[in-house]
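**Q** Protein chains in written order, with numbering that gives the first Met the number 0: chain H, 0 to 286; chain V, 0 to 432; chain S, 0 to 314.
Among the hints, a few may not be true.
What the hints assert, rightly or not - Think about it this way: if two alpha-carbon atoms lie no more than 25 Å apart in a straight line, the pair counts; the simulated DSS-like pairs of lysine-lysine are:
{"hint": "1", "chain 1": "S", "residue 1": "Lys22", "chain 2": "H", "residue 2": "Lys112"}
{"hint": "2", "chain 1": "S", "residue 1": "Lys119", "chain 2": "H", "residue 2": "Lys14"}
{"hint": "3", "chain 1": "V", "residue 1": "Lys169", "chain 2": "V", "residue 2": "Lys103"}
{"hint": "4", "chain 1": "H", "residue 1": "Lys108", "chain 2": "S", "residue 2": "Lys70"}
{"hint": "5", "chain 1": "S", "residue 1": "Lys70", "chain 2": "V", "residue 2": "Lys395"}
{"hint": "6", "chain 1": "S", "residue 1": "Lys82", "chain 2": "V", "residue 2": "Lys395"}
{"hint": "7", "chain 1": "H", "residue 1": "Lys199", "chain 2": "S", "residue 2": "Lys22"}
{"hint": "8", "chain 1": "H", "residue 1": "Lys274", "chain 2": "S", "residue 2": "Lys82"}
{"hint": "9", "chain 1": "S", "residue 1": "Lys70", "chain 2": "H", "residue 2": "Lys12"}
{"hint": "10", "chain 1": "S", "residue 1": "Lys70", "chain 2": "H", "residue 2": "Lys13"}
{"hint": "11", "chain 1": "H", "residue 1": "Lys77", "chain 2": "V", "residue 2": "Lys395"}
{"hint": "12", "chain 1": "H", "residue 1": "Lys12", "chain 2": "S", "residue 2": "Lys119"}
Stated by the list, open to error - One side of the interface only, derived from the structure: several residues of chain V facing chain H at Cβ under 7 Å:
{"hint": "13", "residue": "Ala41"}
{"hint": "14", "residue": "Val85"}
{"hint": "15", "residue": "Gly86"}
{"hint": "16", "residue": "Leu254"}
{"hint": "17", "residue": "Thr280"}
{"hint": "18", "residue": "Gly281"}
What the hints assert, rightly or not - Derived CB-CB ranges, DEER-like:
{"hint": "19", "chain 1": "H", "residue 1": "Asn185", "chain 2": "S", "residue 2": "Arg116", "range": "52 to 58 Å"}
{"hint": "20", "chain 1": "V", "residue 1": "Val285", "chain 2": "H", "residue 2": "Ser91", "range": "53 to 59 Å"}
{"hint": "21", "chain 1": "H", "residue 1": "Phe33", "chain 2": "V", "residue 2": "Glu227", "range": "56 to 62 Å"}
{"hint": "22", "chain 1": "H", "residue 1": "Leu117", "chain 2": "S", "residue 2": "Asn115", "range": "34 to 40 Å"}
Derived by calculation from the structure, the hints in this document are not laboratory data. Note that CB positions come from ideal geometry on N, CA and C, so glycine has one too.
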Amino acid sequence: MQKNNTLISPFAKKKIGVAIRTVLAVVVTIIMVFPLYWLLATSLKTEEEVMSATITFWPKVLQWQNFSYVVNKVPFFKYMLNTAVVTALQMSSELLLGVLAAYAFSKGKFHGKHFFFLVVLGAMMIPIQVTFIPLYIIIARVGLMNTYWGVWIAGCVSSYAIFLLRQAFMTVDDSYLEAARVDGMNKLGVLFRIMVPMCKPTMITVALTSFMGGWNNYFWPKVIVKVQDMYVLTVGVQRLRTSYGGEITNNYHQIMAGVLLSIIPVFIVFAIFQKHMLSGFTKAAMK
Amino acid sequence: MKKLFAVVMAMLMLLSCTAFAEFDKTIPEGTSFVFWHSFTGANEETLLKQIAAFEAANPGIDVQEQYIGGYNVIHTELASANAAGVGVPALSVINVPRLTSYAKDNLVEDLDPYIEAFADEINFADFYDGMTDMMRNGDHQTALPFGQSGQIFYYNKTLLNSLNLTFPTKMEEMDAFLETVYNATGKTVIDIHGTDNAYFYCLFTNMGCFMIDTETNTTGLANEKALELIKKLREWVDKGYIKWVINDVGNTLLLDFTSGEAAACLYTSSTYANYKQKAETGANGVTFEVGIANQPYGDFGTNHQYVAGATMIIPSADCNTQAQKNAAFKLICFLTNPAQQLEWATTSSYYVTRKSASTDPQYAEAYNALLTKLPEMAVLDLNSYVAKTKHELFDKCGDIFENYMSEIMANGMDPEEGWEIMVEEINDTLADQ
Amino acid sequence: MFQKKKLKTMEIGGRTVHLRPEKYYWSDFFMALPAVLVLILITYYPVAELIRISFTDWRLTSREYDYVGWKNWIWLFTANTSKRYLFNSLRVTIIYTIGNIAIDLGIGLLLAHLFNRLTKPFAVMRALIFMPRYIAMSSCGIIFLWMLNTDYGVINKMLEWFGVTEHINWLGDDQNALISILLLTGWHGIGYCMMIYLSALLGISKDYYEASSLDGASGLQQFRYITLPLLSPTTLFLFITTFISSMKVYQSVDVMTGGGPRQKTEVMVYYIYRLAFDDNRLDRASVVALLFFVILLVVTASTLRITNKNVHYEA
Numbered sequence: 000m001q002k003n004n005t006l007i008s009p010f011a012k013k014k015i016g017v018a019i020r021t022v023l024a025v026v027v028t029i030i031m032v033f034p035l036y037w038l039l040a041t042s043l044k045t046e047e048e049v050m051s052a053t054i055t056f057w058p059k060v061l062q063w064q065n066f067s068y069v070v071n072k073v074p075f076f077k078y079m080l081n082t083a084v085v086t087a088l089q090m091s092s093e094l095l096l097g098v099l100a101a102y103a104f105s106k107g108k109f110h111g112k113h114f115f116f117l118v119v120l121g122a123m124m125i126p127i128q129v130t131f132i133p134l135y136i137i138i139a140r141v142g143l144m145n146t147y148w149g150v151w152i153a154g155c156v157s158s159y160a161i162f163l164l165r166q167a168f169m170t171v172d173d174s175y176l177e178a179a180r181v182d183g184m185n186k187l188g189v190l191f192r193i194m195v196p197m198c199k200p201t202m203i204t205v206a207l208t209s210f211m212g213g214w215n216n217y218f219w220p221k222v223i224v225k226v227q228d229m230y231v232l233t234v235g236v237q238r239l240r241t242s243y244g245g246e247i248t249n250n251y252h253q254i255m256a257g258v259l260l261s262i263i264p265v266f267i268v269f270a271i272f273q274k275h276m277l278s279g280f281t282k283a284a285m286k
Numbered sequence: 000m001k002k003l004f005a006v007v008m009a010m011l012m013l014l015s016c017t018a019f020a021e022f023d024k025t026i027p028e029g030t031s032f033v034f035w036h037s038f039t040g041a042n043e044e045t046l047l048k049q050i051a052a053f054e055a056a057n058p059g060i061d062v063q064e065q066y067i068g069g070y071n072v073i074h075t076e077l078a079s080a081n082a083a084g085v086g087v088p089a090l091s092v093i094n095v096p097r098l099t100s101y102a103k104d105n106l107v108e109d110l111d112p113y114i115e116a117f118a119d120e121i122n123f124a125d126f127y128d129g130m131t132d133m134m135r136n137g138d139h140q141t142a143l144p145f146g147q148s149g150q151i152f153y154y155n156k157t158l159l160n161s162l163n164l165t166f167p168t169k170m171e172e173m174d175a176f177l178e179t180v181y182n183a184t185g186k187t188v189i190d191i192h193g194t195d196n197a198y199f200y201c202l203f204t205n206m207g208c209f210m211i212d213t214e215t216n217t218t219g220l221a222n223e224k225a226l227e228l229i230k231k232l233r234e235w236v237d238k239g240y241i242k243w244v245i246n247d248v249g250n251t252l253l254l255d256f257t258s259g260e261a262a263a264c265l266y267t268s269s270t271y272a273n274y275k276q277k278a279e280t281g282a283n284g285v286t287f288e289v290g291i292a293n294q295p296y297g298d299f300g301t302n303h304q305y306v307a308g309a310t311m312i313i314p315s316a317d318c319n320t321q322a323q324k325n326a327a328f329k330l331i332c333f334l335t336n337p338a339q340q341l342e343w344a345t346t347s348s349y350y351v352t353r354k355s356a357s358t359d360p361q362y363a364e365a366y367n368a369l370l371t372k373l374p375e376m377a378v379l380d381l382n383s384y385v386a387k388t389k390h391e392l393f394d395k396c397g398d399i400f401e402n403y404m405s406e407i408m409a410n411g412m413d414p415e416e417g418w419e420i421m422v423e424e425i426n427d428t429l430a431d432q
Numbered sequence: 000m001f002q003k004k005k006l007k008t009m010e011i012g013g014r015t016v017h018l019r020p021e022k023y024y025w026s027d028f029f030m031a032l033p034a035v036l037v038l039i040l041i042t043y044y045p046v047a048e049l050i051r052i053s054f055t056d057w058r059l060t061s062r063e064y065d066y067v068g069w070k071n072w073i074w075l076f077t078a079n080t081s082k083r084y085l086f087n088s089l090r091v092t093i094i095y096t097i098g099n100i101a102i103d104l105g106i107g108l109l110l111a112h113l114f115n116r117l118t119k120p121f122a123v124m125r126a127l128i129f130m131p132r133y134i135a136m137s138s139c140g141i142i143f144l145w146m147l148n149t150d151y152g153v154i155n156k157m158l159e160w161f162g163v164t165e166h167i168n169w170l171g172d173d174q175n176a177l178i179s180i181l182l183l184t185g186w187h188g189i190g191y192c193m194m195i196y197l198s199a200l201l202g203i204s205k206d207y208y209e210a211s212s213l214d215g216a217s218g219l220q221q222f223r224y225i226t227l228p229l230l231s232p233t234t235l236f237l238f239i240t241t242f243i244s245s246m247k248v249y250q251s252v253d254v255m256t257g258g259g260p261r262q263k264t265e266v267m268v269y270y271i272y273r274l275a276f277d278d279n280r281l282d283r284a285s286v287v288a289l290l291f292f293v294i295l296l297v298v299t300a301s302t303l304r305i306t307n308k309n310v311h312y313e314a
């Protein structure tokens, strides 16, 4: 194809390429964003408009009261607070334990290092939907049901975070560590003053992944929290669905309003940090 | 101290089983217990209002009611809480078909001693027999009716009146009815809830085909009559008379029916108030009057109507004291009382569970209020309701039944082939214990 | 273990030099310990419990149980019901996994190429494509449930514009149900794969392409002989992580189809969950769960073993 189009100058060819690529990219983006747009549009419609046989792409009249309904119907801000507390707990423990373990598995030397690392990675393969009953039984028996700690415990360490951090720490050259040690710095000092700052993009990526995991966690919080006051957002949003005869009927306009409200904080966090995302993943991808 | 108390209570409970021991029905001041339910929206508001009234009348009791989710969620949560032995509620709403397996596993209290001890607060004989019968297992009352619903046909009364038709009461009339309505409207005549066998099972039993034949431990759906009915239904589906709805069912039925896309639908009686309001206000573009019809008779001659929906149990778990269980039972007494039942039925359109609600003059005013708001409730004769086969695998066999029905009705599977594998799969399930 | 303690030797300038034995630090061990202990508590202890339960007849709703030996294991390999549902769930899981890996990795790589431009509008579009990943699957499921509604969903309404007047039964049809779930999880996951591929693409030195351009290589050839091999460690990483997460899929199935129609979307984890909670047969759920772990472990380990030889690493 390249060779046939001798009439077109290389410069023009490049320009056409960019144009095609831009159009394609815009189309793909529109397709990918459409469900989110639909979420927004539905959340601003009346029930009649949502449930009508003819589709309107933008609400006839914006129904802001859907949002106030959500906030009044359920203790929405309490849910948000619960979610924030649990997410903060989860992030701090995942990062702290993750950094320590990642150091041990990258630069540390101890018996069974390989074996324990496999133990960590193996945990990724075990879905909580299968194993939660024995865990639930202990947590319930020690009285952590309906508490922040009970929700936190199942997600307090992440194998994925340890793995990502280890990959990043391995790329730090040993000479830095030697130099620091010569200066009389102990291991924790080396870890927190040298390695962590050097791997800042990965730290941010791990922190964001952990934030996302905590904020969006659904299965375990649903199991361990039975009291409405302690619900997290994902569970609380499901609470907005109505049931008739024990069967769920979706009042989509209100649920969508709830979903939208519940993800706003996530968008804010990502809008701030998203430029770090790309560089953070680089090291993970490079084995 | 708590442990000692529990031991004493356990001993008391043991004693209560023997004939001469007295059942300890005391409820000390400050008893509080947890109640799990599955009601949302207006139903939940009414329930909360009634619970508040109960607490006002019994200042020593504190009810901690919690909405848990639909039936499936409640069953899951109950099972896991039971396994842990902690966090089990003292009172819970469950779905009727689940009760048999719970009773078999001794997950639920035997309510007989409670009914006897609280005799002045609950008139057991006043419940509809079909309802309480469904909740008896091995000569013990294991649950009491609350939030009962039936599987009924809603129809567009305005449309049928204009066509000079009534909703058929017999299966034989169905063919002509469907054809007439379809020819007049060109639209679906009946939407059927296709993912819960409770809705269409009744059609089969009225032809004499039952899910489980307890004597042979095989399925009665193996009867040729069942195949005939399946073929008939499929024929109606193919002709466009019937729409077998299998996903987002609640919303689709609501939309189809209230927007005039379907002249009738088969769904739970507990959505009556909602449908009626939507249809009468023309919320989805069409204004009409809603009618209700029972399941049609089959040529087998019986007219079975089955109770379904919710039922109230007191879990037997030791983490609740006898006092808490007593308090829970006291709440059951209150909520199932005819006055409360009438109020509950008026907002929720669940069935009134007490006979006296419609006969006793002291409730006449409330009963008339119910009929004013939900007039078609009078169509349903709750005395004709009977219990289904009580078998712990009924629910599971029902799942298989509804799976194949969806397959045949909505996904084009050959009726005979589908019926054969369905029968085999149910029989395998029954044999596998 | 023992080999490590042996003195290591090294050839330097033709002479064999004995090196000091490697030193082990307890402090390093204690740094790894908290994470390992917690993981043992929250994931390995339950697995050990499942092994124990697999030898009992524990119904979840019953408080007493007995040890019944190998009964459940025999059931697993011989019973008609087990064969029927187990093989079905295995098949569904494998089809889903292959589909999901193909979508995430394939389209992810294509998008990485498409969006590999460092201009501001492209950065914004990248962020938008990555966005679904921020949202809880339980919420995404509801959005898709609504969009895919047969009669009132926006997707079928939009398909009408293109002449598809027969509404597609997205969730109730045998073939479509799994496709719908793949659509949801694909939409949710593609952005992540794109980001990872993109960060790897940015790491490939321009020199390779310039040199090959001078040699007259076409774009396709460059992709085949330079990009793909250099991306192989990334592909392996994504393959393993996507493989594991696809095998473990549960949430999307739960919201969208509940395993139906007729178990056509009943993946392994969903089947295990159904055994435990619909049937209350925790004993049987345990044996199936253990079988599931073994399958996952064997496949992951062998993938790593096979691919390790064929992966190219950039110096």
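**Q** Starting from the hint list further up, note which numbers the structure goes against and sort them upward.
**A** 3, 4, 7, 8, 9, 10, 11, 13, 17, 18, 19 and 21
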